Amino acid sequence: MFKKFTKDDVHTKSNVKSSVQRGLKVKLVAQFPKLEPVIDELIPKKSSLVLFKCEDKIQLYLIDNEVVFFQQFDELIPSLKVVHKYPSCFPHVQVDRGAIKFVLSGANIMCPGLTSAGGWLPEETIPEGSIVIVKAEGKETALAVGKLLMSSDEIKAQNKGMGIELQHYLGDGLWKFSPE
Amino acid sequence: MSELQAVEVKYCEVCTFPLEYCEFGASLPRCKDWLKEHDEDLYNEIYNSETKIVSANEAKISKDLAKLQLKEAKKHERELEIKKTSKITLKIFERTKRKRGVAIQGLEVFGADIDIKKMAKQFASKFATGASVVKDEIVVQGDVADEIEQHLLKLLKEKGLDEVSVEQVDEKRKKPADPKPDGKADK
Numbered sequence: 001m002f003k004k005f006t007k008d009d010v011h012t013k014s015n016v017k018s019s020v021q022r023g024l025k026v027k028l029v030a031q032f033p034k035l036e037p038v039i040d041e042l043i044p045k046k047s048s049l050v051l052f053k054c055e056d057k058i059q060l061y062l063i064d065n066e067v068v069f070f071q072q073f074d075e076l077i078p079s080l081k082v083v084h085k086y087p088s089c090f091p092h093v094q095v096d097r098g099a100i101k102f103v104l105s106g107a108n109i110m111c112p113g114l115t116s117a118g119g120w121l122p123e124e125t126i127p128e129g130s131i132v133i134v135k136a137e138g139k140e141t142a143l144a145v146g147k148l149l150m151s152s153d154e155i156k157a158q159n160k161g162m163g164i165e166l167q168h169y170l171g172d173g174l175w176k177f178s179p180e
Numbered sequence: 001m002s003e004l005q006a007v008e009v010k011y012c013e014v015c016t017f018p019l020e021y022c023e024f025g026a027s028l029p030r031c032k033d034w035l036k037e038h039d040e041d042l043y044n045e046i047y048n049s050e051t052k053i054v055s056a057n058e059a060k061i062s063k064d065l066a067k068l069q070l071k072e073a074k075k076h077e078r079e080l081e082i083k084k085t086s087k088i089t090l091k092i093f094e095r096t097k098r099k100r101g102v103a104i105q106g107l108e109v110f111g112a113d114i115d116i117k118k119m120a121k122q123f124a125s126k127f128a129t130g131a132s133v134v135k136d137e138i139v140v141q142g143d144v145a146d147e148i149e150q151h152l153l154k155l156l157k158e159k160g161l162d163e164v165s166v167e168q169v170d171e172k173r174k175k176p177a178d179p180k181p182d183g184k185a186d187k
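Just so you know, the protein sequences line up as chains A and B, in that order.
Each step along the first sequence adds one to the number in the numbering used here, with nothing skipped, and position 124 is 124.
Each step along the second sequence adds one to the number in the numbering used here, with nothing skipped, and position 70 is 70.
Don't take each hint at face value.
Said to hold, decoys possible - Going by beta-carbon spacing under 8 Å, a handful of chain B positions derived as facing chain A: (1) A6; (2) V7; (3) V9; (4) T16; (5) F17; (6) Y21; (7) L65.
To be verified - Computed, partial: chain A to chain B, Cβ under 10 Å: (8) K85; (9) L104; (10) K139; (11) L170; (12) K176.
For the record, the hints were derived by calculation from the structure and aren't laboratory data.
None of these values were measured; they are calculated from a predicted model.
Built from N, CA and C at the ideal position, the CB exists for glycine as well.
Make a model of the complete structure from these sequences and hints.
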């Protein structure tokens, strides 16, 4: 989604009303329940949230010129900077070492990379369409954020084809994006 | 409830990735140098404890990566070369009567290091003149070529690019040309 993304793709910038901001926070917590204890730290009550409307209906939400999260359709997706700060708040999966290189160039993640020895999927089922953060074998920090194309059980069972659609990864346009 | 603490992740200033991902970036040698200089301990932790994970196709992957890194290193070198051989021209032009302006050309090569727009703004406030960006050059309305030259040389030195030459050109020679010689021998 952000393979090519520069500040030229930003159409309008506007401040978000505090009532809308409250709504967004509720939505974020609904989507990622574990975020609840830190939501006020992530989006302080007094902070002014800025909305960037961009090409392809992408919307970025920024605080202090840092992208906090973004959305293209319904779901809100945290930016990697936020993911790095609060890694335990999001469901995560892990890919093996061989896949890192491809993920960093923006490829969608194939099931075998998640099910092989170096990969890891949580025991409990993550439903299709949810946002997960992607970690890598032998690394502590996340390298990408993606959306499950099938539930984690299906990935285990089928072990073929695309498992995660990549949304945002280290080194993509959004990672390098700075509003200045 | 135990409060969740925000985790501080250290980022590499060369490739902007979290440190442990430098090895997958294209500028690993430079990242390594940078880290060694800034945080010796972390450097040892990351790069000297390696060789623990070896998977089947590791060899091929690292070969590919090495290739990419070599390419990137060459590219970087080339860019540096271009930067070093380029020169910045300060063109002094005459406006009405005895008023003069300075156009700074040749900055676009330094796109990664210098933000032209910001620089123009900086000049405007520093010299209390008008300054604007016209295409790739900065036009400063005021006879401040010497000051600009000094400032630029200092800036370039900070970036480690002191081989770049800065020279002044007088466009109209109604008065004798500025006696000051070029900043440095070029090329």
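The hints, checked one at a time:
Annotation: B/A6 was flagged as interfacial toward chain A, and the flag holds, the nearest CB pair being 4 Å apart, inside 8 Å. Because the smallest distance between the Cβ of B/V7 and any Cβ of chain A comes to about 6 Å, under 8 Å, the interface hint for this residue holds. Hint status for B/V9: holds, given a least beta-carbon distance of 4 Å to chain A, under 8 Å. Hint status for B/T16 relative to chain A: holds, with the closest Cβ pair at about 7 Å, below 8 Å.
Taking 8 Å as the C-beta contact cut-off toward chain A, the hint placing B/F17 at the interface holds, the least distance being around 5 Å. Residue-level restraint check for B/Y21 holds (minimum Cβ-Cβ distance to chain A is 6 Å; threshold 8 Å). With a least beta-carbon distance of about 7 Å to chain A, the hint placing B/L65 at the interface is held under the 8 Å criterion. Given the 10 Å rule on beta carbons, the hint for A/K85 holds: about 4 Å separates it from the nearest Cβ of chain B.
The closest approach between the C-beta of A/L104 and any C-beta of chain B is roughly 5 Å, which is under the 10 Å cut-off, so the hint is satisfied. Nearest Cβ of chain B to the Cβ of A/K139: about 5 Å, under the 10 Å cut. The hint holds. Look at A/L170: its Cβ gets to within about 5 Å of chain B, closer than 10 Å, so that hint holds up. Interface hint status for A/K176: upheld, as the beta-carbon distance to the closest one in chain B is roughly 7 Å, under 10 Å.
Consistency note: the structure conflicts with none of the earlier hints.
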